[in-house]
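Got chain A; can you put chain B with the ligands on it based on the hints?
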Amino acid sequence: MKALDNLSFNVYPGEILGLVGESGAGKSMTGLAILGLIEAPLSISRGKIIFNRQRIEQNANAVRGSKISMIFQDPLVSLNPLRTIGEQLVETIRTHIKFGRKEAIEYAKSLLEEVGIEQERFDAYPHTFSGGMRQRVVIALALAPKPSLVIADEPTTALDVSVQAQILELLKKLCRERETSIILITHDMGVIAETTDRVAVLYSGTLAEIGRTVEVLNNPQHPYTKGLIEATPRIDANSLNSKLYQIPGVMPDLKEIPVGCPFHKRCPQYIKKCVEIKPPLLNERAACWLLDTENGIL
Amino acid sequence: MSFLLVNQLSRIFDLSEPWILRKIKGQQKKLLKAVDKVNFSIERGQTYALVGESGSGKSTIAMMVAGLIKPSSGFITIDGYNFFSPTIENNIKSSLRKSVQMIFQSPYASLNPRWRVGDVLKEPIKAFNLIESENGQKRRVCELLEQVGLSERDINKFPHEFSGGQRQRICIARSLASEPKLIICDEPTSALDVSVQAQVLNLLKDLQKQFSLTYLFISHDLAVVSTMANRIGVLKQGILVEEASPNKLFEKPEHDYTKMLLTAAPDIKNVSKIP
Ligand SMILES: Nc1ncnc2c1ncn2[C@@H]1O[C@H](COP(=O)(O)OP(=O)(O)OP(=O)(O)O)[C@@H](O)[C@H]1O
Ligand SMILES: Nc1ncnc2c1ncn2[C@@H]1O[C@H](COP(=O)(O)OP(=O)(O)OP(=O)(O)O)[C@@H](O)[C@H]1O
Ligand SMILES: [Mg+2]
Ligand SMILES: [Mg+2]
Numbered sequence: 061m062k063a064l065d066n067l068s069f070n071v072y073p074g075e076i077l078g079l080v081g082e083s084g085a086g087k088s089m090t091g092l093a094i095l096g097l098i099e100a101p102l103s104i105s106r107g108k109i110i111f112n113r114q115r116i117e118q119n120a121n122a123v124r125g126s127k128i129s130m131i132f133q134d135p136l137v138s139l140n141p142l143r144t145i146g147e148q149l150v151e152t153i154r155t156h157i158k159f160g161r162k163e164a165i166e167y168a169k170s171l172l173e174e175v176g177i178e179q180e181r182f183d184a185y186p187h188t189f190s191g192g193m194r195q196r197v198v199i200a201l202a203l204a205p206k207p208s209l210v211i212a213d214e215p216t217t218a219l220d221v222s223v224q225a226q227i228l229e230l231l232k233k234l235c236r237e238r239e240t241s242i243i244l245i246t247h248d249m250g251v252i253a254e255t256t257d258r259v260a261v262l263y264s265g266t267l268a269e270i271g272r273t274v275e276v277l278n279n280p281q282h283p284y285t286k287g288l289i290e291a292t293p294r295i296d297a298n299s300l301n302s303k304l305y306q307i308p309g310v311m312p313d314l315k316e317i318p319v320g321c322p323f324h325k326r327c328p329q330y331i332k333k334c335v336e337i338k339p340p341l342l343n344e345r346a347a348c349w350l351l352d353t354e355n356g357i358l
Numbered sequence: 004m005s006f007l008l009v010n011q012l013s014r015i016f017d018l019s020e021p022w023i024l025r026k027i028k029g030q031q032k033k034l035l036k037a038v039d040k041v042n043f044s045i046e047r048g049q050t051y052a053l054v055g056e057s058g059s060g061k062s063t064i065a066m067m068v069a070g071l072i073k074p075s076s077g078f079i080t081i082d083g084y085n086f087f088s089p090t091i092e093n094n095i096k097s098s099l100r101k102s103v104q105m106i107f108q109s110p111y112a113s114l115n116p117r118w119r120v121g122d123v124l125k126e127p128i129k130a131f132n133l134i135e136s137e138n139g140q141k142r143r144v145c146e147l148l149e150q151v152g153l154s155e156r157d158i159n160k161f162p163h164e165f166s167g168g169q170r171q172r173i174c175i176a177r178s179l180a181s182e183p184k185l186i187i188c189d190e191p192t193s194a195l196d197v198s199v200q201a202q203v204l205n206l207l208k209d210l211q212k213q214f215s216l217t218y219l220f221i222s223h224d225l226a227v228v229s230t231m232a233n234r235i236g237v238l239k240q241g242i243l244v245e246e247a248s249p250n251k252l253f254e255k256p257e258h259d260y261t262k263m264l265l266t267a268a269p270d271i272k273n274v275s276k277i278p
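Chains as they are written, first to last, in the working numbering: chain A, 61 to 358; chain B, 4 to 278.
Hints listed in this document are in silico derivations from the structure and should not be mistaken for laboratory results. From a predicted model like this one, the values you see are computed outputs, not experimental measurements. Treat the hints with care, as some may be off.
[Stated by the list, open to error] Calculated lysine-lysine pairs in the DSSO-like style (CA-CA distance at most 30 Å, straight line):
#	chain 1	residue 1	chain 2	residue 2
1	A	Lys338	A	Lys108
2	B	Lys262	A	Lys233
3	B	Lys33	B	Lys96
4	B	Lys141	B	Lys101
5	B	Lys208	A	Lys286
6	A	Lys325	A	Lys62
7	B	Lys26	B	Lys36
8	B	Lys212	A	Lys286
9	B	Lys208	B	Lys129
10	B	Lys212	A	Lys303
11	B	Lys251	A	Lys303
12	B	Lys36	A	Lys303
13	B	Lys160	A	Lys62
14	A	Lys303	B	Lys129
15	A	Lys286	B	Lys272
16	B	Lys272	A	Lys233
Bound-form chain A, shown alone (with noise of 0.2 Å):
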């Protein structure tokens, strides 16, 4: 079984890519598999991660450790309810950098400092901590090595929008500020829509469509994120009443997926082609043969 299949995409210095897409398309699959963290039974059996001119693909080496970070959705997997935030800043800082005690706690504290949590709280426990603030805390544990990649895995998902509007303005501030990439892993269009640069639209494990969120979203190549798109409600007061657009049908099983493009069965402009070839990327946006009008397909 392939959870991702021949996928592709490049991460800029110093940008936001979004990795979109419905439960099961391989968002944290591809997350984890560029952090080194796919476990046996699952493998990377094809394919190369190249990271600051570096292959990582077949070994979870140093270069991640400190370079790559990650967050996840639910704060608590990453924080030790046993020690005070300011201990476990002060260890991460350590292992990753050359520090004495004095000058990690000094660092920690600028850390926390940047990720707005004052820093009297650095004894504090992590169960004194609202989840906005927990989220925070995780932010600056994944900055302490100073990575320049940070893979954030629905980070927001579990908070409320006034706590999520505050951490994705800061991803985006550490983002300009340090130059640090961010893969914002999300299935909200909205969230994308406003916090990412490039957004890759995820279905079944393969790449439907990439490009600059402001193409991707006001002009959409591929019917399944145009469908996508359409189905998201807006907040308008007119919606109440028109329906939503519907895509047909759900995404296939990982054993079910089709021959030809993964989408066809529930594509609404499927053509002969999308039945028997998989189609590549085209134009470098996507993976759709409605794009193929060289060949005549059209």
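Coordinates of chain B with the ligands only, in the frame set by chain A:
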């Protein structure tokens, strides 16, 4: 008269430790006003949405309207009857039970994994003594499945054989079994993908038209609410801080909290703001 009337509704939770511990530690009683003097009403066939952040009291109101927990003060009338009135007759109480149903956020947690879909849907039919004969029950189950876009073939399947959206359809079918007049939807699509969410929201709209259902629709997602509600109430820490039509609320919100929610809500429309 409004179909649902909620009047000065309050619910206090007692969070204090047992009396003896409190005496030893010299602590006061800790009371939480989860719902505080809330008023609203819904006309028959309309949808009223409650929005607000986590802990604002949305589900607590839902549970009181469903008759599952008792108000601390204030009252609720449905079709003119107050479920918690001490003088209410038993037959009215049981007809209220039939006419108010609830759909929850997690369609998996609310379905017994060991029950086949047919049994899930037969349960309310039997519990309310709606249809006597085996055959009649089976026919009704098939009818319900069809109404929510599933098929007769699904009758012997277990919940785990369905996708999240299909499971939510099963829950909706179950809630329809007793021919309810009011359905309380507590975050019915929060656990679903956008594509599936659209299917479920559209289904709820169709059913509303078909059966003149009244909805109390609970969500933290203003975009979802804007596609469903005729009126919207904004809850903050148990208090209804603003109530308006979607037009008014989205164009001219009055309360700061509403304005904050509107600014914070991620909206796909906002993409053009990015350079
Ligand atoms: N350990 C595993 N063994 C086998 N299959 C797996 C394993 N983990 C994930 N999968 C499958 O791989 C596919 C991709 O899963 P993944 O978790 O990446 O999805 P996702 O896009 O992150 O979805 P979600 O939005 O629900 O988090 C899914 O079909 C999933 O069932
Ligand atoms: N049985 C209970 N005992 C004590 N406190 C409770 C109980 N049920 C709810 N509460 C408290 O009442 C408040 C309102 O909770 P409620 O579940 O109604 O919020 P909500 O608006 O539905 O939030 P969410 O969006 O997270 O579902 C919260 O502070 C909650 O902790
Ligand atoms: Mg995931
Ligand atoms: Mg709730």
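Going down the list of hints, with the structure as the test:
{"no.": "1", "hint": "A:Lys338 to A:Lys108", "verdict": "holds, 21 Å"}
{"no.": "2", "hint": "B:Lys262 to A:Lys233", "verdict": "holds, 23 Å"}
{"no.": "3", "hint": "B:Lys33 to B:Lys96", "verdict": "violated, 33 Å"}
{"no.": "4", "hint": "B:Lys141 to B:Lys101", "verdict": "holds, 19 Å"}
{"no.": "5", "hint": "B:Lys208 to A:Lys286", "verdict": "holds, 23 Å"}
{"no.": "6", "hint": "A:Lys325 to A:Lys62", "verdict": "holds, 19 Å"}
{"no.": "7", "hint": "B:Lys26 to B:Lys36", "verdict": "holds, 23 Å"}
{"no.": "8", "hint": "B:Lys212 to A:Lys286", "verdict": "holds, 28 Å"}
{"no.": "9", "hint": "B:Lys208 to B:Lys129", "verdict": "holds, 27 Å"}
{"no.": "10", "hint": "B:Lys212 to A:Lys303", "verdict": "holds, 13 Å"}
{"no.": "11", "hint": "B:Lys251 to A:Lys303", "verdict": "holds, 21 Å"}
{"no.": "12", "hint": "B:Lys36 to A:Lys303", "verdict": "violated, 38 Å"}
{"no.": "13", "hint": "B:Lys160 to A:Lys62", "verdict": "holds, 27 Å"}
{"no.": "14", "hint": "A:Lys303 to B:Lys129", "verdict": "violated, 35 Å"}
{"no.": "15", "hint": "A:Lys286 to B:Lys272", "verdict": "holds, 14 Å"}
{"no.": "16", "hint": "B:Lys272 to A:Lys233", "verdict": "holds, 22 Å"}
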